[in-house]
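Participant: Chain residues, written in single-letter form:
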Amino acid sequence: MSTATAAARPLSAPVERAGSRLRALERPARRRPRMLYGLVAVAGALAIVIAQMVLSVMSTQSSYEMSRLNAQQHELTLQRQVLDEELTGLSSPQYLAANAAALGMVVDESPSYLRLSDGKILGAQKAASSTSAITLGSGAVANKLIARTPLVTDPGATIDGTDQKKSATSTDHVTPVPVTDGLPTVRTH
Amino acid sequence: MVALAVVLAVLGAFVIRLVDIQVVNAKENIGNAMKYGLSTTKVLAGARGSIVDANGTPLAVGTLSYTCQFSPDNVRTITRKAADGTKIDVTWNEVSTKIAKIIGQSVDEVRAIVSDALVANAHSQYAPLGKSLSTEQYRELVDLGVDYISCSPVASRTYPNGAVAGNLIGFIGSDGDPLAGLEQQQNTCLTPTDGKLTFQNGKDGVVIPGTETVTPAQNGGTLKLTIDTDLQWYMTQLAEQATKQMHAQYATVTVLDVKTHQLKAAAEYPTVDPNDFTAKGSYRSSRIFTSQFEPGSTFKGITAATLIDTGAATATSTASVPWLKHFANGAVVNDAFRHGVSNYTLAGVLMDSSNVGASVFSQRTTLQTRYDYLKKFGIGSGSAIHFLGETQGLVHPYQDWDNQMRYDTAYGQGLTTTVPELMTAYEALIDGGVKYPIQLVESCTKADGTVITPKLPEPVRVISEKTSAQMREIFENVALQSNSYADLVKIPGYRIGVKTGTGQISNGHGYKSGVYYTTMIGFAPANDPQYLVAVTLDEPTKVRSSTANAPTFVKAMTQVLKTYRVMPSTTKPKILPKFG
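Protein chains in written order, with the numbering used here: chain A, 1 to 189; chain B, 1 to 580.
Be aware that a few hints might be false.
[To be verified] Below, a list of computed lysine-lysine pairs in the DSBU-like style, where the Cα atoms sit at most 35 Å apart:
id, chain 1, residue 1, chain 2, residue 2
1, A, K144, B, K578
2, A, K120, B, K35
3, B, K87, A, K144
4, A, K126, B, K280
5, A, K126, B, K244
6, B, K244, A, K120
7, A, K120, B, K490
8, B, K574, B, K259
9, B, K542, B, K455
10, B, K542, B, K562
11, B, K578, A, K120
12, B, K131, B, K259
13, A, K144, B, K562
14, A, K120, B, K562
15, B, K376, A, K144
16, B, K542, B, K466
17, B, K490, A, K126
18, A, K126, B, K131
19, B, K196, B, K42
20, B, K35, B, K259
21, A, K120, B, K98
22, B, K542, A, K126
23, B, K203, B, K375
24, B, K376, B, K87
25, A, K126, B, K574
26, A, K126, B, K375
27, A, K144, B, K375
28, B, K542, A, K144
29, B, K196, B, K375
30, A, K144, B, K572
31, B, K87, A, K126
32, B, K87, B, K131
33, B, K259, B, K280
34, A, K144, B, K35
35, B, K280, B, K244
36, B, K375, B, K466
37, A, K120, B, K42
[Unchecked claim] Selected chain A positions facing chain B (Cβ under 10 Å, derived; list incomplete):
id, residue
38, I50
39, Q52
40, S56
Hints are computed from structural coordinates only; laboratory data are not their basis. C-beta atoms are modelled at their ideal positions from N, C-alpha and C, and glycine is treated no differently.
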């Protein structure tokens, strides 16, 4: 800037006044620095400092947020674990068999097949017997996880057959639907 | 000038030191920073891989249990502020009563843990409260809000189906080491790789942003078996019933898918519930893989196949067979039942399971040929499964066979085998004559998705396809015309083939009297075998011969045919003559 100022103010023409007299050059008036530039620089510096502080606060804040969410996740993981533990073993074949046996179901030994093309019955060709091919419901194939879990189909019993105290409500829920002929029908007028 | 030189010198010194700290000794400094507590390192535990069955049903899964401990020195009455600002005293008496209820011990026992520890050391900081506590118990303990209890999670293992396949899967000890079965044999597949999380934390435990470095943990692989859980359960139940009904020592039921050479069930009783492997009456290994036995008459099938394949006889070749025979070399062989001199066909010898018949026919080929075929069928070489502690049968070299053994080996005495060897040999006998390696493990899927399948030996042709077809006919006729169990092995609608064996049991210096190891092995459908089932009983005493296995075999085979929807046969069997 100062170079440009100097270039805009050349020495007075020496040719015209040649030989007249020499005199000291006027000192060029120094211009005051503009206020705006200073303000911009200071504001910029301030802005940077503030931005950094804000970012820092925000990241610290989100760090707390993360910490809280982590704690929440931990809590949910624990809940899931508890539920998983309650459920393990309920899908085992032992539990299914014991529940089926409590309903009076049996394993039919030999199946029959109906061939659709000619309507012929293949296989055992007789009605299923009421005796089970294998004993169901006893805890022969042990499973410690469900040994003392009450059966769904008979809440008073467990897979080991040891009767627990029957809860008062367990029988209240079971209201047998009267079956007269085939499917139960709704009686309306 | 001097001032400038001083400034430059100091500056230079700083620069050198900076480079020294930041570049030259950077590693060491970072290491020291980590070491002297500027940061925290947490081990990220990987989870042990699951074991699943052929349908993906989990048989073994990784879970967490909790180990809790007291700090007895800190046990005291804790004063707490309630919501309304009043102070509440929580006494040790109250807390110990609650703890006792949570962990299912008596109050006195819980109090004794702490008082005993304090007697031993007045400033005791450690007394174990409980191991293998469930998540629910852990949460209840934490909710007590007392500072003298601390808990840490421990990786543990749960077996959702209990004793189903327990003897195959094995179990994990309390220290996390696999102790038996596939858990131990396949440990490399299942073991996870631990990861690491390093970070710096502030006073309140919050992670300082940007200071974390994570090396993620690698979970263990998923081990997929060829077993079908439901079928395995059914067969275990059957094995239990057979053991009890026949007053036997133990029973095994094994199912092989002939088309894929995979074991679909390998059940036995007694077995073990891996959730409770110390329970009374558990058998902690698999007898299917770890015991050997003298097979008895099931090996007449191998003798017959040897004769047919070498052209020494056909299914209808005949021989004169008395019930008791003194051979020229001094050996004596007798049948299990008395009969006059009969003109048995080779098929007939198998139908009535005549020891004399098998011995007489075996003379039509050389000892070496018979030995070579036994070896080719895989007798004495175990299975490709290489189960933990798997044993092998024993066939002495034919040069060592004495006068009696030369005939004994023709009907399955004087040598031993195992269930997997018998299954492998019979699969070759009935399904085209090629011996395939049988499988128990289908694959191991690593955490990154790579699937590793077990390396298997190449299939080997043992007998021709034609011989195999004849063997199918012979075994089907055994099922139809056996003099002792033909009416016991009928499955309505299906054509099946069977063979039994009643093997003597060594007691170290001779044979046990009156007790046998009995086998029934069979396949269906007889014209196009899809499943091979073997039932063995050790020392049944209600029925002492292999007829004891018939009811269990029929139930097992019926269930297999039902499970895999094998349609009833629509063709008629070819009847072979018993006598010539």
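Participant: Does each hint fit the structure? Answer for all of them.
Facilitator: Hint-by-hint comparison with the structure:
1. A/K144 to B/K578: violated (52 Å)
2. A/K120 to B/K35: violated (81 Å)
3. B/K87 to A/K144: It is violated: about 44 Å lies between the C-alpha atoms, which goes past 35 Å.
4. A/K126 to B/K280: Roughly 43 Å between the alpha carbons, so the hint for A/K126 and B/K280 is violated.
5. A/K126 to B/K244: holds (29 Å)
6. B/K244 to A/K120: violated (39 Å)
7. A/K120 to B/K490: This hinted pair holds, its Cα atoms lying about 21 Å apart.
8. B/K574 to B/K259: Within the cut-off at roughly 23 Å; holds.
9. B/K542 to B/K455: The given pair, whose Cα atoms are some 43 Å apart, is violated under the 35 Å limit.
10. B/K542 to B/K562: holds (29 Å)
11. B/K578 to A/K120: Roughly 34 Å separates the two Cα atoms, so the pair holds.
12. B/K131 to B/K259: Outside the cut-off at roughly 47 Å; violated.
13. A/K144 to B/K562: holds (29 Å)
14. A/K120 to B/K562: With Cα atoms ~18 Å apart, A/K120 and B/K562 stay inside 35 Å; holds.
15. B/K376 to A/K144: Since the Cα atoms of B/K376 and A/K144 sit roughly 44 Å apart, the hinted pair is violated (cutoff 35 Å).
16. B/K542 to B/K466: Distance of about 40 Å is beyond 35 Å: violated.
17. B/K490 to A/K126: Within the cut-off at roughly 15 Å; holds.
18. A/K126 to B/K131: Violated, at about 56 Å.
19. B/K196 to B/K42: holds (6 Å)
20. B/K35 to B/K259: violated (60 Å)
21. A/K120 to B/K98: violated (68 Å)
22. B/K542 to A/K126: Satisfied, since the Cα-Cα distance of roughly 31 Å is no more than 35 Å.
23. B/K203 to B/K375: violated (73 Å)
24. B/K376 to B/K87: Distance of about 85 Å is beyond 35 Å: violated.
25. A/K126 to B/K574: holds (26 Å)
26. A/K126 to B/K375: violated (46 Å)
27. A/K144 to B/K375: violated (44 Å)
28. B/K542 to A/K144: holds (31 Å)
29. B/K196 to B/K375: Violated, at about 53 Å.
30. A/K144 to B/K572: violated (48 Å)
31. B/K87 to A/K126: violated (78 Å)
32. B/K87 to B/K131: Distance of about 34 Å is within 35 Å: holds.
33. B/K259 to B/K280: Violated - the C-alpha atoms of B/K280 and B/K259 are around 39 Å apart, more than 35 Å.
34. A/K144 to B/K35: violated (46 Å)
35. B/K280 to B/K244: Holds, at roughly 17 Å.
36. B/K375 to B/K466: At roughly 20 Å apart (the allowed maximum being 35 Å), B/K466 and B/K375 satisfy the hint.
37. A/K120 to B/K42: Not OK: A/K120 and B/K42 at ~69 Å, beyond 35 Å, violated.
38. I50: violated (19 Å)
39. Q52: Not OK, violated: A/Q52 not within 10 Å of chain B, min 13 Å.
40. S56: holds (9 Å)
Of the numbered hints listed earlier, those contradicted by the structure are 1, 2, 3, 4, 6, 9, 12, 15, 16, 18, 20, 21, 23, 24, 26, 27, 29, 30, 31, 33, 34, 37, 38 and 39.
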